[in-house]
Amino acid sequence: EAQVTQNPRYLITVTGKKLTVTCSQNMNHEYMSWYRQDPGLGLRQIYYSMNVEVTDKGDVPEGYKVSRKEKRNFPLILESPSPNQTSLYFCASSLSGYRNEQFFGPGTRLTVL
Amino acid sequence: GENVEQHPSTLSVQEGDSAVIKCTYSDSASNYFPWYKQELGKGPQLIIDIRSNVGEKKDQRIAVTLNKTAKHFSLHITETQPEDSAVYFCAVTHGGPGTASKLTFGTGTRLQVTL
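The listed protein sequences correspond, in order, to chains Z and Y. At position 42 of the first sequence the residue is numbered 42 (our numbering), and the sequence of numbers has no breaks. At position 113 of the second sequence the residue is numbered 113 (our numbering), and the sequence of numbers has no breaks.
Honestly, the hints are just simulated from the structure, not real lab data. There's no promise every hint is true.
Claimed, not checked - Dumping the calculated DSSO-like pairs for lysine-lysine here, alpha-carbon to alpha-carbon at most 27 Å:
1) Y:K42 - Z:K71
2) Y:K57 - Y:K68
3) Z:K57 - Y:K102
4) Z:K69 - Y:K102
5) Y:K58 - Z:K57
6) Y:K22 - Y:K42
7) Y:K37 - Z:K18
8) Y:K68 - Y:K37
9) Y:K102 - Z:K65
10) Y:K22 - Y:K71
11) Y:K102 - Z:K71
12) Y:K42 - Z:K65
13) Z:K57 - Y:K37
14) Y:K58 - Y:K22
15) Y:K71 - Y:K102
16) Y:K102 - Y:K42
17) Y:K58 - Y:K37
18) Z:K17 - Z:K57
Using the sequences plus the hints, can you model the full thing?
This is the structure in structure tokens:
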């Protein structure tokens, strides 16, 4: 089944404790991205990747890191999480760029205490 | 950058009625306009999209209209059903195929279809 998977689905952590949210797609998509969803703000892009070893900042990259060492994986790293990073996070992939359908993962709900 | 406004933020309709959600954008170079539906507990899913060389597109009960002059586009759902209840997001992008253009989302509309 073609899909985007994220892990974990739910995470409660404390301020400053490094964490990684994994994202994997099995559709051989070149393009991957991370969004955060907050009430009243819609979906805002954190980082995106056009292809392996190519990443760039989105609209709200502060406090996040990403890497794209393999085509299928695009982990999101929070080196020192803070409470304002409490949010619902979505990974997405597409065949190439934003003029193609974005396939979203099921989401990761993160709470930083 | 691109600014996308979406209205209304909430919409309640009776089953069988029509629902219309409208988005406006600021960048006249924008050329791709998708709509995503997000059901409870799931990620958004594309339901329909339109490109700037087309004024209207239909898919069964769903249609999207685009007015490039006024820089707005709308989602129309006819004969609404309870399973249409969800959050709907419009989005806007510009740039050629495969280019590093940006996809900017609206703030979402929560649609409730009541019996």
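Outcome of the hint check:
1. Restraint check: the Cα-Cα separation between K42 of chain Y and K71 of chain Z comes to about 24 Å, which is no more than 27 Å; the hinted pair holds.
2. Restraint check for K57 of chain Y and K68 of chain Y: the C-alpha separation of about 14 Å stays at or below 27 Å, so the hint holds.
3. Between the alpha carbons of K57 of chain Z and K102 of chain Y the distance comes to roughly 11 Å, so the proposed pair stays at or under 27 Å and holds.
4. Straight-line distance between C-alpha atoms of K69 of chain Z and K102 of chain Y comes to about 22 Å, which keeps the hinted pair within the 27 Å bound.
5. Simply put, K58 of chain Y and K57 of chain Z have alpha-carbon atoms about 35 Å apart, too far for the 27 Å limit, and the pair is violated.
6. With a C-alpha separation of about 23 Å, the suggested pairing of K22 of chain Y with K42 of chain Y holds against the 27 Å cut-off.
7. Straight-line distance between C-alpha atoms of K37 of chain Y and K18 of chain Z comes to about 32 Å, which puts the hinted pair past the 27 Å bound.
8. A C-alpha spacing of about 23 Å is found between K68 of chain Y and K37 of chain Y, which places the hinted pair at or below 27 Å, so the restraint holds.
9. The suggested pairing of K102 of chain Y with K65 of chain Z holds, with an alpha-carbon distance near 19 Å, which does not exceed 27 Å.
10. Of the pairs offered as hints, the one joining K22 of chain Y and K71 of chain Y holds, with about 11 Å between alpha carbons and a cut-off of 27 Å not exceeded.
11. Of the pairs offered as hints, the one joining K102 of chain Y and K71 of chain Z holds, with about 20 Å between alpha carbons and a cut-off of 27 Å not exceeded.
12. Distance check on the hinted pair: K42 of chain Y and K65 of chain Z sit about 24 Å apart at the alpha-carbon level, within 27 Å; holds.
13. In summary, the hint linking K57 of chain Z to K37 of chain Y is supported, as the alpha carbons are separated by about 25 Å, within the 27 Å threshold.
14. Distance check on the hinted pair: K58 of chain Y and K22 of chain Y sit about 16 Å apart at the alpha-carbon level, within 27 Å; holds.
15. Of the pairs offered as hints, the one joining K71 of chain Y and K102 of chain Y holds, with about 17 Å between alpha carbons and a cut-off of 27 Å not exceeded.
16. Among the hinted pairs, K102 of chain Y with K42 of chain Y is consistent with the structure: their alpha-carbon atoms are about 23 Å apart, no more than 27 Å.
17. For the proposed pair K58 of chain Y and K37 of chain Y, the alpha carbon gap of about 16 Å is at most 27 Å, so the pair holds.
18. Proximity of K17 of chain Z to K57 of chain Z is assessed by CA-CA distance (about 23 Å); at most 27 Å being required, the pair is judged to hold.
Checked against the numbered hints given earlier, the structure breaks hints 5, 7 and satisfies all the rest.
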